[in-house]
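J.: So the sequence shown is residues 158 to 725, counted in my numbering.
These are calculated hints, taken from the structure and not from any lab test.
There may be inaccurate statements among the hints.
[Stated by the list, open to error] Label-pair distances were calculated between CB atoms; the ranges are:
{"no.": "1", "residue 1": "LYS410", "residue 2": "PHE710", "range": "23 to 29 Å"}
{"no.": "2", "residue 1": "LYS689", "residue 2": "PRO657", "range": "37 to 43 Å"}
{"no.": "3", "residue 1": "LYS573", "residue 2": "GLY384", "range": "34 to 40 Å"}
{"no.": "4", "residue 1": "ALA302", "residue 2": "THR576", "range": "37 to 43 Å"}
{"no.": "5", "residue 1": "PHE465", "residue 2": "ALA647", "range": "23 to 29 Å"}
{"no.": "6", "residue 1": "ASP610", "residue 2": "LYS408", "range": "42 to 48 Å"}
{"no.": "7", "residue 1": "SER441", "residue 2": "PHE465", "range": "47 to 53 Å"}
{"no.": "8", "residue 1": "PRO608", "residue 2": "SER444", "range": "44 to 50 Å"}
Quick reminder that beta carbons are idealized off the backbone N, C-alpha and C, glycines included.
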Amino acid sequence: MTSRSESPQFEKGAEKDYGVPEHDVEAHLPPHNLMPALSTKSTHPLEQTETRQSYSKVQWILVCVALYSAAFLYGLDNTISAAIQAPAIAQFGSVEKLGWIGIGFPLGSIAVILPIGKAFGIFNIKTLFVSSLLMFVGGSALCGAAPTMNALIIGRVWAGAGGAGMYLGILNILSLNTTLAQRPFYFSLCGLIWGIGCILGPIIGGSFADSGATWRWAFYLNLVLFGVGTPVYFFVLKPFNPQPDVPFGEKMKNIDWVGVVLNAALYTTFVMAFTFGGGQFAWSSGSTIALTVVFGLLVITFAVQQTFSIFTTPERRLFPVDFLRKKSLLLQYIAMSAGVTGLFIPVYYIPLFFDFTRGDTNIDSAVRLLPFICVTIFCIMLNGTFMPKFGYYQPWYLASGLFLTIGGSLMYALVKPSTPNANVYGFSILAAIGAGLSQQAAYSVAQGKAPTDRIADAVGFVNSAQIGGIVIALTITSAVFQNIGYAHIAEAVDGLGFSPEEIHGALTGAKSAIFETVSPEVREKVIEGIVKAISDGYILLIVAGAVNLIAAFFMKRERLFMEITGGA
Numbered sequence: 158m159t160s161r162s163e164s165p166q167f168e169k170g171a172e173k174d175y176g177v178p179e180h181d182v183e184a185h186l187p188p189h190n191l192m193p194a195l196s197t198k199s200t201h202p203l204e205q206t207e208t209r210q211s212y213s214k215v216q217w218i219l220v221c222v223a224l225y226s227a228a229f230l231y232g233l234d235n236t237i238s239a240a241i242q243a244p245a246i247a248q249f250g251s252v253e254k255l256g257w258i259g260i261g262f263p264l265g266s267i268a269v270i271l272p273i274g275k276a277f278g279i280f281n282i283k284t285l286f287v288s289s290l291l292m293f294v295g296g297s298a299l300c301g302a303a304p305t306m307n308a309l310i311i312g313r314v315w316a317g318a319g320g321a322g323m324y325l326g327i328l329n330i331l332s333l334n335t336t337l338a339q340r341p342f343y344f345s346l347c348g349l350i351w352g353i354g355c356i357l358g359p360i361i362g363g364s365f366a367d368s369g370a371t372w373r374w375a376f377y378l379n380l381v382l383f384g385v386g387t388p389v390y391f392f393v394l395k396p397f398n399p400q401p402d403v404p405f406g407e408k409m410k411n412i413d414w415v416g417v418v419l420n421a422a423l424y425t426t427f428v429m430a431f432t433f434g435g436g437q438f439a440w441s442s443g444s445t446i447a448l449t450v451v452f453g454l455l456v457i458t459f460a461v462q463q464t465f466s467i468f469t470t471p472e473r474r475l476f477p478v479d480f481l482r483k484k485s486l487l488l489q490y491i492a493m494s495a496g497v498t499g500l501f502i503p504v505y506y507i508p509l510f511f512d513f514t515r516g517d518t519n520i521d522s523a524v525r526l527l528p529f530i531c532v533t534i535f536c537i538m539l540n541g542t543f544m545p546k547f548g549y550y551q552p553w554y555l556a557s558g559l560f561l562t563i564g565g566s567l568m569y570a571l572v573k574p575s576t577p578n579a580n581v582y583g584f585s586i587l588a589a590i591g592a593g594l595s596q597q598a599a600y601s602v603a604q605g606k607a608p609t610d611r612i613a614d615a616v617g618f619v620n621s622a623q624i625g626g627i628v629i630a631l632t633i634t635s636a637v638f639q640n641i642g643y644a645h646i647a648e649a650v651d652g653l654g655f656s657p658e659e660i661h662g663a664l665t666g667a668k669s670a671i672f673e674t675v676s677p678e679v680r681e682k683v684i685e686g687i688v689k690a691i692s693d694g695y696i697l698l699i700v701a702g703a704v705n706l707i708a709a710f711f712m713k714r715e716r717l718f719m720e721i722t723g724g725a
């Protein structure tokens, strides 16, 4: 830990945020004694500098294991659907709704993550956390038992909303029970475990999909692990009310309900417009145009409502609009959205490539993600270790953007059905380096650049960029894959009498009806068309890398000592 006299300052000329002097954010190493002690200071849980509760050593270990298990499940459910889409479509049909299986979970999260972040500073934290857990488990149960595609999608959205509250609850509980010096260790571990869950999702999902348990156990797994942790969640975890003397009605008034509705509605209409367009509705249809117009109007309405604090106050409004006027924080928001794009697109589409071109099973195609997974985890850990130590953050974004652009360009231009596996692995590793180097950095930098009394807002700000980036990336790539893939397949099988439903069905995997009946020559053309559609989705990787490079170019070349923290 740096001493006070040695605490590094921002370099001369560093911008002053919010009209107050820049504050130092010291780099801390976890002390030998990581057990929490008791304090009485009252602030938002994420702004605590000392602990508020006490546990015995055994209790604290049990709480940490239970919390980190929940963080792993939240990460896992972000991507586990990547390997169960084909068997789910095979059972339910409705291939035009394919994109919703993956998009539904982050859509539920982004709809509630900002209001729940505010709620943890107002309501009983244990109650909110356990309620979110139950919501997550309930959504998972619905997914596992889903009788229709619509039920599966509703379950995914429901679980995503619960998962967002669950993850924010973990961060708040850790904040309450650790000192400022201890927190970097616990938060960085939480972010790492979430990331591991994200990139192991397809492998675990593929394992269930190919087993006798079927894809449904990819969701029932959550119930099993929740059952194991239930005694800790209900009987060991201690309650904490940040505003014990405020009546419930007054607490409810502290939530920007108009902003909550507008935020959820604008993301929902965005997803509907791009997933229904070209599938259920033609792009030129009145329904698609209406959805697009409504989405645009909601964006404008939300921006105006938040900017001028209509039906709310500047302190209570849902989105910290003033952060967008600060270049340093705006750049972190942009870079986070770009970085998470670099993680999720390969996780969803690399297994799909191997499924079509190599005829892999769900688990085999997911296992081929291991090079990408291992390198991403290594780079996240590298950033978490050395960025706080040396203080410079701009070079990490520069390197991230460079590797992501190169990796995305190679995957777009050079990956063909006949491309050797080693080449595909090599290109994906370059993208993995780009995705990993900046994946969690914005959480630490944003907290270092925000005033100390706005730490909770800074976490929510970056969190919304991360989850919103996932929704946008998966929605756009799903639309590209569905529409371009359909066009290429339709051209390849023209005149062979296949229905639009059968053509759409070919996009779910190499075991669809078209692949079983066409000649080898036509099959080859179909695969080429599908691989071209996958490659076109990698254009978004190039864009994400370029955005990171541009954002890095405008970041200050300053030395900022910070605490590395983890986000969702």
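J.: Each of the hints needs a verdict: does it hold here or not?
T.: How the hints compare with the structure:
One distance hint, 23 to 29 Å for the beta-carbon pair LYS410 and PHE710, is violated here, with the actual separation near 43 Å. Taking 37 to 43 Å as the suggested C-beta distance range, the pair LYS689 and PRO657 does not conform, at roughly 19 Å. In this structure the hint that LYS573 and GLY384 lie 34 to 40 Å apart at CB is violated, the actual value being about 47 Å. For ALA302 and THR576, the Cβ-Cβ distance of about 40 Å falls inside the hinted range of 37 to 43 Å, so the restraint holds.
Range check, PHE465 to ALA647: about 49 Å between beta-carbon atoms, so the 23 to 29 Å window is missed. For the pair ASP610 and LYS408, the beta carbons lie near 20 Å from each other, so the given range of 42 to 48 Å is not met. Under the hint 47 to 53 Å, the C-beta atoms of SER441 and PHE465, about 36 Å apart, miss the expected range. Distance hint check: the CB atoms of PRO608 and SER444 are about 46 Å apart, consistent with the given range 44 to 50 Å.
Against the hints set out earlier in the document, violations occur for numbers 1, 2, 3, 5, 6, 7.
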